[in-house]
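Asker: Sequence:
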Amino acid sequence: MFEPLRSCMTLAKLETSRDILYKAASLTAEETTEMRKHVQKGIDLLQPVGGSLRRVLPIILAHHDKYDGSGYRPSKGDEIPVEARVLAVADAYDTLTSDRPYRRAVTSFEAKELIVSGSGTNFDPAVVKAFVNAFDHGHMEIPESLAI
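The numbering of the sequence shown is this note's numbering, which starts it at 1 and goes up by one.
Hints should not be assumed to be uniformly reliable.
As the list claims (entries may be wrong) - Pairs of lysine to any residue residues, derived as SDA-like cross-links and limited to a Cα-Cα distance of at most 20 Å, are as follows: (1) 66 x 119; (2) 37 x 69; (3) 66 x 93; (4) 37 x 78; (5) 37 x 19; (6) 66 x 129.
None of these hints come from the bench; they were simulated from the model.
Working from the sequences, and respecting the hints, build out all of it.
Answerer: Quick look at the structure:
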């Protein structure tokens with residue numbers, strides 16, 4: 001389910017300036033506003049699609065909402081679709097463990113700790129608990145050289 005969402009959001013980001021996407025420094029307020037438009041662009045791309053794919057629209061719309069309500073939109077907690085809450089943790093983990101123009105990737109273990117530190121604010125505590133459980137029981141792909 002998450003791969004179609006990621007593909008759609010990637011397509012939406014293609015309409016965002018490369019200067020913003022690959023900027024090595026912090027974004028300005030105007031650039032942040034422009035970057036945040038990728039959510040609506042993704043919705044606009046999927047709006048004409050019918051059938052079961054339409055059920056992902058609320059998930060896409062909420063994928064940058066934060067558990068405490070401080071995200072892109074004012075929704076918080078259980079108002080955010082559970083799929084979007086799961087996607088938020090998965091997206092954060094992927095982002096943290098990938099090199100970006102503005103910073104180097106962190107290790108899987110550092111990413112886990114950053115996600116845990118965001119439990120209750122950025123992320124749903126129940127989703128973080130499930131993530132940590134999967135991580136600790138080896139149900140995630142962690143490079144062999146980093147595994148304990």
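Asker: Within 20 Å, alpha carbon to alpha carbon, are residue 37 and residue 69?
Answerer: At roughly 18 Å apart (the allowed maximum being 20 Å), residue 69 and residue 37 satisfy the hint.
Asker: CA of residue 66 to CA of residue 119, is that 20 Å or under?
Answerer: Roughly 10 Å separates the two Cα atoms, so the pair holds.
Asker: Are the Cα positions of residue 66 and residue 93 separated by 20 Å at most?
Answerer: Satisfied, since the Cα-Cα distance of roughly 15 Å is no more than 20 Å.
Asker: Quick one, are residue 37 and residue 19 close enough, alpha carbons at most 20 Å?
Answerer: holds, 15 Å
Asker: Take a quick look at whether residue 37 and residue 78 sit within 20 Å of each other, Cα to Cα.
Answerer: Judged against 20 Å, a Cα distance of about 24 Å means the pair is violated.
Asker: Would the pair residue 66 and residue 129 pass a check requiring their Cα atoms to be no farther apart than 20 Å?
Answerer: OK: residue 66 and residue 129 at ~16 Å, within 20 Å.
When held up to the earlier numbered hints, the structure conflicts with hint 4 and nothing else.
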